[in-house]
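Participant: Chain residues, written in single-letter form:
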Amino acid sequence: MLNEIILAGFGGQGILFAGKILAYGGLMDNKEISWLPSYGPEMRGGTANCSVCISDDPIGSPLVLEPNYLIVMNTPSFDKFIDSVQPGGKVFVDSTMIDKKSDRDDIECFYIPASQLAEENEMSGMANIILLGKFIKETDIISIDTLHKAFEKAIPPKKSHLIDVNMKAIQLGQQV
Amino acid sequence: MAVVFEKPHALCDVNLHYCPGCTHGVIHRLVCEVIDEMGIEGNTVGICPVGCSVMAYDYFNCDMIEAAHGRAPATATGVKRARPDLMVFTYQGDGDLAAIGTAETVHAATRGENIVVIFINNTTYGMTGGQMAPTTLPGQVTQTTPYGRDPKIQGYPIRVCEMLSTLSGTALAQRVAVDSVPHINEAKKAIRKAFENERDEKGFSIVEVLSTCPTNWGLSPVEALERLRTDMIPYYPLGVFKDCDAKNPKEEK
Amino acid sequence: MERNLMKGNEALAEAAMRAGCKCFFGYPITPQTEISAYLAKKMQANGGVFLQAESEIAAINMVLGASATGTRCMTSSSSPGISLKSEGISYIAGSDLPCVIINVERGGPGLGGIQPSQSDYWQATKALGHGDFQLLVFAPASVQEMVDMVVKAFDKADEYRMPAMILADGLLGQMMEPVTFPEINANQKPKPWACDGTKMQRKHNIINSLYLQPDTLESSNISRYERYKKIKENETDAEIYLCDDAEIVVTAFGATARVAKSAVNTAREQGIKAGLFRPKTLWPFPVKEINEACKSAKNVLSVEMSMGQMIDDVKLALECRIPVSFFGRTGGVIPKPSEILNEIKKLGGAD
Numbered sequence: 000m001l002n003e004i005i006l007a008g009f010g011g012q013g014i015l016f017a018g019k020i021l022a023y024g025g026l027m028d029n030k031e032i033s034w035l036p037s038y039g040p041e042m043r044g045g046t047a048n049c050s051v052c053i054s055d056d057p058i059g060s061p062l063v064l065e066p067n068y069l070i071v072m073n074t075p076s077f078d079k080f081i082d083s084v085q086p087g088g089k090v091f092v093d094s095t096m097i098d099k100k101s102d103r104d105d106i107e108c109f110y111i112p113a114s115q116l117a118e119e120n121e122m123s124g125m126a127n128i129i130l131l132g133k134f135i136k137e138t139d140i141i142s143i144d145t146l147h148k149a150f151e152k153a154i155p156p157k158k159s160h161l162i163d164v165n166m167k168a169i170q171l172g173q174q175v
Numbered sequence: 000m001a002v003v004f005e006k007p008h009a010l011c012d013v014n015l016h017y018c019p020g021c022t023h024g025v026i027h028r029l030v031c032e033v034i035d036e037m038g039i040e041g042n043t044v045g046i047c048p049v050g051c052s053v054m055a056y057d058y059f060n061c062d063m064i065e066a067a068h069g070r071a072p073a074t075a076t077g078v079k080r081a082r083p084d085l086m087v088f089t090y091q092g093d094g095d096l097a098a099i100g101t102a103e104t105v106h107a108a109t110r111g112e113n114i115v116v117i118f119i120n121n122t123t124y125g126m127t128g129g130q131m132a133p134t135t136l137p138g139q140v141t142q143t144t145p146y147g148r149d150p151k152i153q154g155y156p157i158r159v160c161e162m163l164s165t166l167s168g169t170a171l172a173q174r175v176a177v178d179s180v181p182h183i184n185e186a187k188k189a190i191r192k193a194f195e196n197e198r199d200e201k202g203f204s205i206v207e208v209l210s211t212c213p214t215n216w217g218l219s220p221v222e223a224l225e226r227l228r229t230d231m232i233p234y235y236p237l238g239v240f241k242d243c244d245a246k247n248p249k250e251e252k
Numbered sequence: 000m001e002r003n004l005m006k007g008n009e010a011l012a013e014a015a016m017r018a019g020c021k022c023f024f025g026y027p028i029t030p031q032t033e034i035s036a037y038l039a040k041k042m043q044a045n046g047g048v049f050l051q052a053e054s055e056i057a058a059i060n061m062v063l064g065a066s067a068t069g070t071r072c073m074t075s076s077s078s079p080g081i082s083l084k085s086e087g088i089s090y091i092a093g094s095d096l097p098c099v100i101i102n103v104e105r106g107g108p109g110l111g112g113i114q115p116s117q118s119d120y121w122q123a124t125k126a127l128g129h130g131d132f133q134l135l136v137f138a139p140a141s142v143q144e145m146v147d148m149v150v151k152a153f154d155k156a157d158e159y160r161m162p163a164m165i166l167a168d169g170l171l172g173q174m175m176e177p178v179t180f181p182e183i184n185a186n187q188k189p190k191p192w193a194c195d196g197t198k199m200q201r202k203h204n205i206i207n208s209l210y211l212q213p214d215t216l217e218s219s220n221i222s223r224y225e226r227y228k229k230i231k232e233n234e235t236d237a238e239i240y241l242c243d244d245a246e247i248v249v250t251a252f253g254a255t256a257r258v259a260k261s262a263v264n265t266a267r268e269q270g271i272k273a274g275l276f277r278p279k280t281l282w283p284f285p286v287k288e289i290n291e292a293c294k295s296a297k298n299v300l301s302v303e304m305s306m307g308q309m310i311d312d313v314k315l316a317l318e319c320r321i322p323v324s325f326f327g328r329t330g331g332v333i334p335k336p337s338e339i340l341n342e343i344k345k346l347g348g349a350d
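Line by line, the protein sequences give chains A, B and C. Numbering that gives the first Met the number 0 applies: residue 0 is where the first sequence begins, and numbers increase by one. Numbering that gives the first Met the number 0 applies: residue 0 is where the second sequence begins, and numbers increase by one. Numbering that gives the first Met the number 0 applies: residue 0 is where the third sequence begins, and numbers increase by one.
There may be inaccurate statements among the hints.
Said to hold, decoys possible - Computed cross-link-like contacts, BS3-like style, restricted to lysine-lysine with a CA-CA straight-line distance of at most 27 Å:
(1) 202/C / 6/B
(2) 188/B / 246/B
(3) 228/C / 79/A
(4) 228/C / 190/C
(5) 155/C / 21/C
(6) 152/A / 40/C
(7) 40/C / 158/A
(8) 125/C / 40/C
(9) 41/C / 152/A
(10) 314/C / 157/A
(11) 41/C / 246/B
(12) 314/C / 335/C
(13) 246/B / 40/C
(14) 89/A / 198/C
(15) 297/C / 345/C
For the record, the hints were derived by calculation from the structure and aren't laboratory data.
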């Protein structure tokens, strides 16, 4: 089973980090994985996105063009990617940042006020992780245990106190 | 029988290809005498340029590398960074060092690379038949300035030692000449000082040697030496432009 | 062995250090910057040298100097920077010096773009500078191969005393994949030719590419080409995938081969007898292997991120016995599996 995920938003929202956590999750589960960032001038303050593939088989192109999952945190990225989602795909929208809704009826969209929830729960800058929490709840790609291991692997030892904070944000996202 | 004069060991026992009256031979000998006196031949790597001294790798008994045109300071940097225990010198002409290799020269100096640069300034491209060099004097006739170098058209010559003396990584910038015995003695002292700086890890050392090119100047060897004195030294004054421990800048003299 | 998740550029840099690379000289350019950044952080602690040069030209000539002392060394750049290095690469080849050169390709010509491309195939395999010479050219298609091939590149460069290139692209450099680092035997053979000081115990060594006598230069080139002949016999490498009964063989290298493989798999699911030939060495080109892969082929399709460069070698290797067509995207556009599948179908696979 090949899962193709795009995460997209502004630079600084933690898009690439959230994608890395998913990739580390796949690594912990001994899956085949790839993570590919957009690079170049658009990284610096403009839009940022990354492609993540998680699969049981070797991965062909790491560039995701038609994702079955989209995690999206700003309006330009919503406009850019919403039509490329495969029928039957799932979309996770930060509705604090995006006031649009998709009119497609062949995909499932979850509108989570992730940035607002982050503010309210003193988790500033962790809207990306809250969305990840919702993502793992609505998909069965990665378990919560695996995700915990992914944080442990991805976060350097001297910042290990951040693991608990991230897990709290995940739980918050799961509860939405 | 007492030996009163002999070839330095560091100088290979071969015929040099230089033209009659050319001062490259004198400068080769000075470098080799210094290498002998410091006992560093077995630990030295020389870098040749592109230009008249392109085949100098056949004349120095230490290990030798032939660099691309102008790139000797970069190649020397590679040698020195890989093997800081080796003594490294480049031997470069004016076109090589001050035209095509300006960037490499300036940056090796400003990094304070512990290398010695022997810079031969004869105001012309000798090997290719006497074209305008970056050091060609105003008014000087060359193959590519047939009406004389006109600063309005070709710009001005570069005074390399003065320029490099402004850089913090430079330990020694000294201009010498080889037109007379006192000057030759002075030149050897400067070359020795440069190698000592390298040994003592003081930074980048350049010795600019005013040199002659009788063939391309169209002068006899004696007339060429006379031109060096009357035309070159007034434009390129001899002397020490910088002498310090570039790695400990407070000691700058 | 532990699987790590690393960017291609960083994994390559780590592997280079493990392979005994002691000096890195480079100049910043997208999309290879992570190689420099990684080595800037790690090289010194590893007993090595990282130096940012004033230009690509200086960097490659620093490589020449370091290599001349017998030290394993490397430089890395992307397409426009490799053009600047071409002078130095020619000198290194002419001086019979080993080194490793990384090209994380981007689109060209000129300043081009910064997105992935394979349009330096000709430059890498035919003309990376003036004069009669070749480089060993390795084409990784995964982060793991970035690691494995850089290790091999150092060994083969030393063995044959010539520069070796890793021809990657922005996609491979930027992507993260699981990677394991193999045990590396870093014992290097002595280099009696090196300029590391005579110690007054031997005749001086000369590292040089100048031969003013035509017959001397000719025999120097001939002896180099005798080495090249051995390399052509012994060092070709390729992946042959589903080619046993393949009527359509897709040829692609590097990141493009991954996309092509997806297309081949889909074609097989649809009953089309498609296979993939992926050269892992671009010079020497795997002539024997491609003929083996194409033994039942009626059509060959060369897919590249360029306007069509490797296709020349494919045709030459097959001696034009099988029709070879081309599909490519260029300028930084990555071909889609669906586009390649369409091309496969056009070649008669649809019936």
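Participant: All hints, please: hold or fail.
Facilitator: Now for the hints, and whether the structure bears them out:
1. Of the pairs offered as hints, the one joining residue 202/C and residue 6/B holds, with about 17 Å between alpha carbons and a cut-off of 27 Å not exceeded.
2. Only pairs whose Cα atoms come within 27 Å are accepted, and residue 188/B paired with residue 246/B is accepted, the gap being roughly 22 Å.
3. With a CA separation close to 52 Å, the supplied pair residue 228/C and residue 79/A exceeds the 27 Å bound.
4. Straight-line distance between C-alpha atoms of residue 228/C and residue 190/C comes to about 22 Å, which keeps the hinted pair within the 27 Å bound.
5. Only pairs whose Cα atoms come within 27 Å are accepted, and residue 155/C paired with residue 21/C is accepted, the gap being roughly 17 Å.
6. Taking the CA atoms of residue 152/A and residue 40/C, the gap is near 20 Å; set against the 27 Å cutoff, the hint holds.
7. Pair hint residue 40/C plus residue 158/A holds up; C-alpha atoms about 19 Å apart against a cutoff of 27 Å.
8. A threshold of 27 Å between alpha carbons decides the hint, and for residue 125/C with residue 40/C the separation of about 35 Å lies outside it, so the pair is violated.
9. Using a Cα cut-off of 27 Å, the hinted pair residue 41/C and residue 152/A holds, with the two alpha carbons roughly 20 Å apart.
10. The hinted pair formed by residue 314/C and residue 157/A fails the criterion: a straight-line CA distance of about 56 Å is larger than 27 Å.
11. Between residue 41/C and residue 246/B, the direct Cα distance comes to roughly 24 Å. Compliance with the 27 Å bound is thereby established for this hinted pair.
12. Distance restraint check for residue 314/C and residue 335/C: the Cα-Cα separation of roughly 24 Å lies within the 27 Å cut-off, and the hinted pair is therefore satisfied.
13. Under the criterion of a C-alpha separation no larger than 27 Å, the hint pairing residue 246/B with residue 40/C is consistent with the structure, at around 23 Å.
14. At roughly 71 Å between alpha-carbon atoms, residue 89/A and residue 198/C are farther apart than 27 Å, so this suggested pair is violated.
15. Note on residue 297/C and residue 345/C: the hinted pairing holds, with a Cα-Cα distance of about 13 Å set against a maximum of 27 Å.
In summary, the numbered hints that this structure violates are 3, 8, 10, 14.
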